[in-house]
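Enquirer: Residue strings, one per chain:
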Amino acid sequence: MNKRWVACAVIMLCLGIAAATNAGAEKIFPYAYQQTVLENGLKVIVIPMESPGIVAYYSIVRTGSRDEYEPDHSGFAHFFEHMMFRGTKKYPGRVYDQLMTEMGANANAFTSSDVTCYHLEFVADDLGKVMELESDRFQNLSYAESDFKTEAGAVRGEYMKGLSSPRFIMHETLMNTAYDKHTYKHTTIGFGRDVEAMPTMYEYSKSFFQRYYRPENVVLVIVGDIKPDSTLAMVKKYYGGWQKGYVPPQVPVEPEQTAERRADAAFKGRTLPLLAVAYKAVAFNPDDRSMAACMLLGDLAFGETSDIYERLVLSEQRVQYLGPDFEPSRDPGLATIYAMVKDPADVDAVEEEIYRTIAFYQNNRVDSAQLSDVKSHTRYGFLMGLDTPDGVAGSLVYLLAIGGDMGVVDQLYATIDQVTASDIMYAAKTLLTPEKRTVVLVKGQ
Amino acid sequence: MQDRRKNVVRLAAAIICAVGLCGQSWGIGTVELPVSSDPTVSFRIWFKVGSQDDPPGKEGLAALTAAMISESATRRNGYDQILKELYPMAAGYGASVDKEMTVMSGRVHKDHLDRYVDLLLQAIVEPALTTEDFQRHQTNAINYLDKTLRYSNDEALGKQMLYDALFANTTYGHPEVGLPTSLRLITLDDIKQFYRTHYTAGNVVIGIGGGYDPALVERLKTGLSALPPDAPAVVAKPVPARPEGIDVTLVEKETQSTAISIGFPIDVLRGDRDFYALWIANSWLGEHRNSSSHLYQVIREERGMNYGDYSYIEYYPHGWARQFPSPNACRRQQFFEIWIRPVQNEAAHFALRAAIRELQNLIDNGMKPEDFALTKMFLKKYVKHYAPTTDMRLGYKLDDAFYGIPDHLQTAEKMFEELTLEDVNAAVRKHLQTANMRIAMITKNAPALKEALVSDSPSPMTYENPKPSEVTREDKVIAVYPLKIPAENVVIVPVDSTFLR
Numbered sequence: 001m002n003k004r005w006v007a008c009a010v011i012m013l014c015l016g017i018a019a020a021t022n023a024g025a026e027k028i029f030p031y032a033y034q035q036t037v038l039e040n041g042l043k044v045i046v047i048p049m050e051s052p053g054i055v056a057y058y059s060i061v062r063t064g065s066r067d068e069y070e071p072d073h074s075g076f077a078h079f080f081e082h083m084m085f086r087g088t089k090k091y092p093g094r095v096y097d098q099l100m101t102e103m104g105a106n107a108n109a110f111t112s113s114d115v116t117c118y119h120l121e122f123v124a125d126d127l128g129k130v131m132e133l134e135s136d137r138f139q140n141l142s143y144a145e146s147d148f149k150t151e152a153g154a155v156r157g158e159y160m161k162g163l164s165s166p167r168f169i170m171h172e173t174l175m176n177t178a179y180d181k182h183t184y185k186h187t188t189i190g191f192g193r194d195v196e197a198m199p200t201m202y203e204y205s206k207s208f209f210q211r212y213y214r215p216e217n218v219v220l221v222i223v224g225d226i227k228p229d230s231t232l233a234m235v236k237k238y239y240g241g242w243q244k245g246y247v248p249p250q251v252p253v254e255p256e257q258t259a260e261r262r263a264d265a266a267f268k269g270r271t272l273p274l275l276a277v278a279y280k281a282v283a284f285n286p287d288d289r290s291m292a293a294c295m296l297l298g299d300l301a302f303g304e305t306s307d308i309y310e311r312l313v314l315s316e317q318r319v320q321y322l323g324p325d326f327e328p329s330r331d332p333g334l335a336t337i338y339a340m341v342k343d344p345a346d347v348d349a350v351e352e353e354i355y356r357t358i359a360f361y362q363n364n365r366v367d368s369a370q371l372s373d374v375k376s377h378t379r380y381g382f383l384m385g386l387d388t389p390d391g392v393a394g395s396l397v398y399l400l401a402i403g404g405d406m407g408v409v410d411q412l413y414a415t416i417d418q419v420t421a422s423d424i425m426y427a428a429k430t431l432l433t434p435e436k437r438t439v440v441l442v443k444g445q
Numbered sequence: 001m002q003d004r005r006k007n008v009v010r011l012a013a014a015i016i017c018a019v020g021l022c023g024q025s026w027g028i029g030t031v032e033l034p035v036s037s038d039p040t041v042s043f044r045i046w047f048k049v050g051s052q053d054d055p056p057g058k059e060g061l062a063a064l065t066a067a068m069i070s071e072s073a074t075r076r077n078g079y080d081q082i083l084k085e086l087y088p089m090a091a092g093y094g095a096s097v098d099k100e101m102t103v104m105s106g107r108v109h110k111d112h113l114d115r116y117v118d119l120l121l122q123a124i125v126e127p128a129l130t131t132e133d134f135q136r137h138q139t140n141a142i143n144y145l146d147k148t149l150r151y152s153n154d155e156a157l158g159k160q161m162l163y164d165a166l167f168a169n170t171t172y173g174h175p176e177v178g179l180p181t182s183l184r185l186i187t188l189d190d191i192k193q194f195y196r197t198h199y200t201a202g203n204v205v206i207g208i209g210g211g212y213d214p215a216l217v218e219r220l221k222t223g224l225s226a227l228p229p230d231a232p233a234v235v236a237k238p239v240p241a242r243p244e245g246i247d248v249t250l251v252e253k254e255t256q257s258t259a260i261s262i263g264f265p266i267d268v269l270r271g272d273r274d275f276y277a278l279w280i281a282n283s284w285l286g287e288h289r290n291s292s293s294h295l296y297q298v299i300r301e302e303r304g305m306n307y308g309d310y311s312y313i314e315y316y317p318h319g320w321a322r323q324f325p326s327p328n329a330c331r332r333q334q335f336f337e338i339w340i341r342p343v344q345n346e347a348a349h350f351a352l353r354a355a356i357r358e359l360q361n362l363i364d365n366g367m368k369p370e371d372f373a374l375t376k377m378f379l380k381k382y383v384k385h386y387a388p389t390t391d392m393r394l395g396y397k398l399d400d401a402f403y404g405i406p407d408h409l410q411t412a413e414k415m416f417e418e419l420t421l422e423d424v425n426a427a428v429r430k431h432l433q434t435a436n437m438r439i440a441m442i443t444k445n446a447p448a449l450k451e452a453l454v455s456d457s458p459s460p461m462t463y464e465n466p467k468p469s470e471v472t473r474e475d476k477v478i479a480v481y482p483l484k485i486p487a488e489n490v491v492i493v494p495v496d497s498t499f500l501r
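Taken in order, these protein sequences are the chains called A and B.
Throughout the first sequence, residue numbering follows my numbering, covering 1 to 445 in sequence.
Throughout the second sequence, residue numbering follows my numbering, covering 1 to 501 in sequence.
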């Protein structure tokens with residue numbers, strides 16, 4: 001473990017805040033925080049940090065496109081994110097917008113496969129008003145069917161915007177090919193046919209809200225120029241009456257993949273060929289060294305300091321882009337290597353180079369310097385982003401969404417620190433196997 | 001009165017620079033932002049060179065040269081070795097190239113400062129300028145234009161087509177990345193010559209912020225003193241031809257939706273009192289990626305036509321990826337822009353009319369007192385989010401040095417207090433108009449759209465769900481709103497033919 005760096009980070013980034021629940025030099029997360037669970041199950045994480053009167057306020061709903069298990073309802077979590085800005089009886093959308101405008105708040109939201117996150121930055125004096133508004137819409141959302149249908153048009157526009165990108169085509173094809181049962185089969189924005197049908201689903205949208213927008217399924221993170229005790233008291237006041245009622249989605253389990261899958265997709269335009277080689281990975285588990293090893297393996301084998309990157313991108317220049325995405329998901333996701341190949345005739349050879357690289361890591365141990373470098377990179381990369389309230393809250397979103405608890409942050413990095421060269425080799429051998437592979441090629445006109 | 005105030009602002013900036021904040025009186029200029037509690041150090045090394053310095057026929061030379069410094073080998077290390085050294089630091093450096101500025105920026109934790117500075121200085125002072133790196137960057141740039149920009153992002157293509165039209169036949173009139181033909185003509189010798197001319201000690205300003213020791217500034221100055229001392233000649237400010245009437249470029253391609261960009265040059269810069277007056281009006285009309293934008297309310301919120309609708313009073317790079325503007329894209333000539341995100345092809349004419357009509361309404365009627373009061377309240381707080389980090393604050397300090405003004409964001413806060421509704425509406429009337437504009441649309445079936453535009457034929461909106469009567473009433477007005485576009489002002493460009501000149 002790189003204790004020197006961790007200790008240094010605590011000293012330098014803690015900025016004078018007294019240690020509380022997470023004190024201890026062995027922890028990576030450098031700020032003191034309070035994590036509290038209200039009686040209704042709402043998890044609240046309060047993190048004071050020095051900031052010029054600025055607060056970041058993140059409402060993390062542990063629901064994403066993963067939770068869209070009902071047929072013909074893909075894309076609904078994202079669509080619903082839009083509806084959350086349509087207001088309540090007390091604060092209709094226009095009034096909500098006006099109050100946000102008065103506060104000069106930077107308010108937005110995003111959705112992915114595992115999370116829907118609503119985030120605001122504002123000046124500390126407005127914390128009470130923000131909390132009143134946010135707690136109101138999470139408990140009392142109300143919108144007319146006409147507003148619902150209008151918003152469906154905006155989502156359709158977003159979908160059309162995506163269609164003009166070959167990367168979108170790649171992602172859509174990859175997920176659809178790699179999965180049979182699990183809801184990761186569709187992208188976050190949903191299948192095109194379901195996006196078209198959204199205006200007809202007003203009643204369903206109310207059921208979606210009732211089932212998923214419940215305190216047990218939400219983590220509230222408040223970071224910045226705040227006083228923990230009074231902030232927590234305010235949270236209890238505004239969110240304490242929120243009724244339990246979360247109904248877990250019946251997300252199908254993906255059967256084990258037993259043979260390689262391949263798909264080609266056409267992009268209506270010009271593009272260099274886009275190649276994705278993806279493997280079924282394991283679900284997020286901060287205690288799992290093989291998962292942590294897989295995360296590191298992606299960067300070691302295919303990152304910009306890897307041998308294959310040096311050869312294909314820098315020396316031979318056969319590939320315009322090469323990079324891994326081995327980040328874990330709540331359920332078993334994909335560990336994917338992406339390449340943009342310069343010469344269409346060279347695609348097969350590039351694919352073979354990827355397999356040769358995997359074989360190397362299956363049969364050889366990484367040296368200790370490489371392993372140390374990738375761990376250092378992971379830690380510094382995390383800590384360097386923690387310089388603003390928004391940076392702190394934003395860096396926690398995915399870990400809290402898929403892990404559910406602040407404890408997973410320190411635990412994940414502790415597990416990463418324990419990863420050995422043998423773990424890396426084991427991950428390469430057991431995860432990156434042909435029968436777990438899906439290969440997608442997108443070609444232009 | 002207005003001009004006198006403008007001069008006061010610039011004079012104040014001059015005084016601040018003279019006492020050393022800008023530090024440009026003593027050889028290599030510095031812009032410093034010490035923050036002792038910051039465990040990181042941010043660098044923004046500014047060379048006063050940009051795509052405006054590209055020789056005719058060699059468009060893209062400034063950007064390629066910057067890539068040969070920021071993402072390439074040095075005389076001491078191959079680029080792969082540099083990446084390996086930076087990797088455990090989770091640090092890096094890169095160059096941004098705009099019309100007038102090239103900035104090498106990066107950020108590192110103090111733990112790694114010494115080695116990082118070595119690498120940064122070597123990149124700038126001792127670039128290897130190898131054939132291998134040159135081929136890589138040249139090919140990547142051509143592929144970006146040929147494939148990505150033309151076919152993968154209609155919004156970016158629409159914006160680029162607008163910018164090129166606004167500044168056609170000037171030094172601003174081509175993409176910073178270059179043109180496919182000219183990129184092929186650039187040689188490694190061109191790069192070497194451009195580097196020798198523009199990467200000089202007389203042409204650089206060191207921007208540094210965070211938890212650094214003052215000795216580091218001296219180290220950087222000493223390191224950069226190895227560059228030739230001269231400063232190259234300054235390119236004249238471009239004088240764009242003002243549009244006469246509405247000029248439209250229709251880029252025809254296979255697409256399900258139409259991306260729209262509208263604009264015209266304006267003669268207002270940061271530091272001008274009118275800039276801040278326009279900022280207020282523009283925030284109401286089209287605050288970037290914000291539901292408070294009036295255009296957003298009219299086109300997206302009430303009608304559900306697209307994902308968003310915004311407007312700008314200065315260049316806003318990478319708007320689809322950023323919530324707040326990036327610093328270090330300063331320009332002596334700015335423009336007004338409306339960005340309509342893709343709408344269904346059938347609704348493009350209506351959306352264009354709606355946006356232009358809203359702008360004209362603002363000019364004719366001015367802001368309402370209640371909108372003015374609300375927008376001022378919004379901006380006074382919203383502007384605090386512009387520069388939350390040392391690195392961003394440093395970026396704005398460099399911008400202030402470019403424009404020769406004191407703290408732009410602080411000035412804005414002061415102006416938001418000071419400016420009256422009359423000031424704002426007068427600035428709108430003075431600088432904004434709808435009669436003479438340029439428009440770029442990325443669309444399918446361009447001939448039919450051209451016919452509709454030049455004949456001003458009605459463009460009624462239809463919806464899948466009923467709309468409130470006030471919306472449908474207004475739709476009838478929008479649907480016949482005259483744009484008066486002469487047929488000779490509409491050009492159709494097949495997407496394959498874009499950037500061919």
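These are calculated hints, taken from the structure and not from any lab test.
Be careful, since some hints might not be right.
[What the hints assert, rightly or not] Subject to a maximum C-alpha distance of 20 Å in a straight line, what follows is the list of computed SDA-like cross-link-like pairs (lysine to any residue):
{"no.": "1", "chain 1": "A", "residue 1": "K89", "chain 2": "A", "residue 2": "Q243"}
{"no.": "2", "chain 1": "B", "residue 1": "K192", "chain 2": "B", "residue 2": "K414"}
{"no.": "3", "chain 1": "A", "residue 1": "K268", "chain 2": "B", "residue 2": "G173"}
{"no.": "4", "chain 1": "A", "residue 1": "K149", "chain 2": "B", "residue 2": "T472"}
{"no.": "5", "chain 1": "B", "residue 1": "K430", "chain 2": "B", "residue 2": "P265"}
{"no.": "6", "chain 1": "B", "residue 1": "K450", "chain 2": "B", "residue 2": "E488"}
{"no.": "7", "chain 1": "A", "residue 1": "K443", "chain 2": "B", "residue 2": "K430"}
{"no.": "8", "chain 1": "A", "residue 1": "K27", "chain 2": "A", "residue 2": "A345"}
{"no.": "9", "chain 1": "B", "residue 1": "K84", "chain 2": "A", "residue 2": "D299"}
{"no.": "10", "chain 1": "B", "residue 1": "K414", "chain 2": "B", "residue 2": "S182"}
{"no.": "11", "chain 1": "B", "residue 1": "K84", "chain 2": "A", "residue 2": "R311"}
{"no.": "12", "chain 1": "A", "residue 1": "K268", "chain 2": "B", "residue 2": "K444"}
{"no.": "13", "chain 1": "A", "residue 1": "K227", "chain 2": "A", "residue 2": "D126"}
{"no.": "14", "chain 1": "B", "residue 1": "K147", "chain 2": "A", "residue 2": "A345"}
{"no.": "15", "chain 1": "B", "residue 1": "K58", "chain 2": "B", "residue 2": "Q193"}
{"no.": "16", "chain 1": "A", "residue 1": "K268", "chain 2": "B", "residue 2": "T472"}
{"no.": "17", "chain 1": "A", "residue 1": "K181", "chain 2": "A", "residue 2": "R262"}
{"no.": "18", "chain 1": "A", "residue 1": "K268", "chain 2": "B", "residue 2": "K147"}
{"no.": "19", "chain 1": "A", "residue 1": "K342", "chain 2": "B", "residue 2": "I142"}
{"no.": "20", "chain 1": "A", "residue 1": "K129", "chain 2": "A", "residue 2": "G162"}
{"no.": "21", "chain 1": "B", "residue 1": "K376", "chain 2": "B", "residue 2": "L419"}
{"no.": "22", "chain 1": "B", "residue 1": "K444", "chain 2": "A", "residue 2": "K90"}
{"no.": "23", "chain 1": "A", "residue 1": "K342", "chain 2": "B", "residue 2": "L145"}
{"no.": "24", "chain 1": "B", "residue 1": "K450", "chain 2": "B", "residue 2": "D496"}
{"no.": "25", "chain 1": "B", "residue 1": "K368", "chain 2": "A", "residue 2": "E102"}
{"no.": "26", "chain 1": "B", "residue 1": "K380", "chain 2": "A", "residue 2": "W242"}
{"no.": "27", "chain 1": "B", "residue 1": "K237", "chain 2": "B", "residue 2": "G173"}
{"no.": "28", "chain 1": "A", "residue 1": "K90", "chain 2": "A", "residue 2": "W242"}
{"no.": "29", "chain 1": "A", "residue 1": "K149", "chain 2": "B", "residue 2": "G57"}
{"no.": "30", "chain 1": "A", "residue 1": "K268", "chain 2": "B", "residue 2": "S152"}
{"no.": "31", "chain 1": "B", "residue 1": "K237", "chain 2": "B", "residue 2": "S291"}
{"no.": "32", "chain 1": "B", "residue 1": "K467", "chain 2": "A", "residue 2": "W242"}
{"no.": "33", "chain 1": "A", "residue 1": "K206", "chain 2": "A", "residue 2": "K181"}
{"no.": "34", "chain 1": "A", "residue 1": "K90", "chain 2": "A", "residue 2": "D299"}
{"no.": "35", "chain 1": "B", "residue 1": "K384", "chain 2": "A", "residue 2": "L127"}
{"no.": "36", "chain 1": "B", "residue 1": "K110", "chain 2": "B", "residue 2": "A90"}
{"no.": "37", "chain 1": "A", "residue 1": "K149", "chain 2": "B", "residue 2": "E488"}
These numbers come from a predicted model, not from an experiment.
Enquirer: Does each hint fit the structure? Answer for all of them.
Expert: Hints versus structure:
{"no.": "1", "hint": "A:K89 - A:Q243", "in the structure": "holds (18 Å)"}
{"no.": "2", "hint": "B:K192 - B:K414", "in the structure": "violated (46 Å)"}
{"no.": "3", "hint": "A:K268 - B:G173", "in the structure": "violated (29 Å)"}
{"no.": "4", "hint": "A:K149 - B:T472", "in the structure": "holds (16 Å)"}
{"no.": "5", "hint": "B:K430 - B:P265", "in the structure": "holds (13 Å)"}
{"no.": "6", "hint": "B:K450 - B:E488", "in the structure": "holds (10 Å)"}
{"no.": "7", "hint": "A:K443 - B:K430", "in the structure": "violated (50 Å)"}
{"no.": "8", "hint": "A:K27 - A:A345", "in the structure": "violated (50 Å)"}
{"no.": "9", "hint": "B:K84 - A:D299", "in the structure": "holds (12 Å)"}
{"no.": "10", "hint": "B:K414 - B:S182", "in the structure": "violated (46 Å)"}
{"no.": "11", "hint": "B:K84 - A:R311", "in the structure": "holds (14 Å)"}
{"no.": "12", "hint": "A:K268 - B:K444", "in the structure": "holds (13 Å)"}
{"no.": "13", "hint": "A:K227 - A:D126", "in the structure": "holds (13 Å)"}
{"no.": "14", "hint": "B:K147 - A:A345", "in the structure": "holds (17 Å)"}
{"no.": "15", "hint": "B:K58 - B:Q193", "in the structure": "holds (12 Å)"}
{"no.": "16", "hint": "A:K268 - B:T472", "in the structure": "violated (36 Å)"}
{"no.": "17", "hint": "A:K181 - A:R262", "in the structure": "holds (17 Å)"}
{"no.": "18", "hint": "A:K268 - B:K147", "in the structure": "holds (12 Å)"}
{"no.": "19", "hint": "A:K342 - B:I142", "in the structure": "holds (11 Å)"}
{"no.": "20", "hint": "A:K129 - A:G162", "in the structure": "violated (36 Å)"}
{"no.": "21", "hint": "B:K376 - B:L419", "in the structure": "holds (9 Å)"}
{"no.": "22", "hint": "B:K444 - A:K90", "in the structure": "violated (44 Å)"}
{"no.": "23", "hint": "A:K342 - B:L145", "in the structure": "holds (14 Å)"}
{"no.": "24", "hint": "B:K450 - B:D496", "in the structure": "holds (19 Å)"}
{"no.": "25", "hint": "B:K368 - A:E102", "in the structure": "holds (16 Å)"}
{"no.": "26", "hint": "B:K380 - A:W242", "in the structure": "violated (34 Å)"}
{"no.": "27", "hint": "B:K237 - B:G173", "in the structure": "holds (12 Å)"}
{"no.": "28", "hint": "A:K90 - A:W242", "in the structure": "holds (16 Å)"}
{"no.": "29", "hint": "A:K149 - B:G57", "in the structure": "violated (51 Å)"}
{"no.": "30", "hint": "A:K268 - B:S152", "in the structure": "holds (10 Å)"}
{"no.": "31", "hint": "B:K237 - B:S291", "in the structure": "violated (36 Å)"}
{"no.": "32", "hint": "B:K467 - A:W242", "in the structure": "violated (34 Å)"}
{"no.": "33", "hint": "A:K206 - A:K181", "in the structure": "violated (25 Å)"}
{"no.": "34", "hint": "A:K90 - A:D299", "in the structure": "violated (49 Å)"}
{"no.": "35", "hint": "B:K384 - A:L127", "in the structure": "holds (16 Å)"}
{"no.": "36", "hint": "B:K110 - B:A90", "in the structure": "holds (12 Å)"}
{"no.": "37", "hint": "A:K149 - B:E488", "in the structure": "violated (40 Å)"}
Hint violations for this structure: numbers 2, 3, 7, 8, 10, 16, 20, 22, 26, 29, 31, 32, 33, 34, 37, all remaining hints satisfied.
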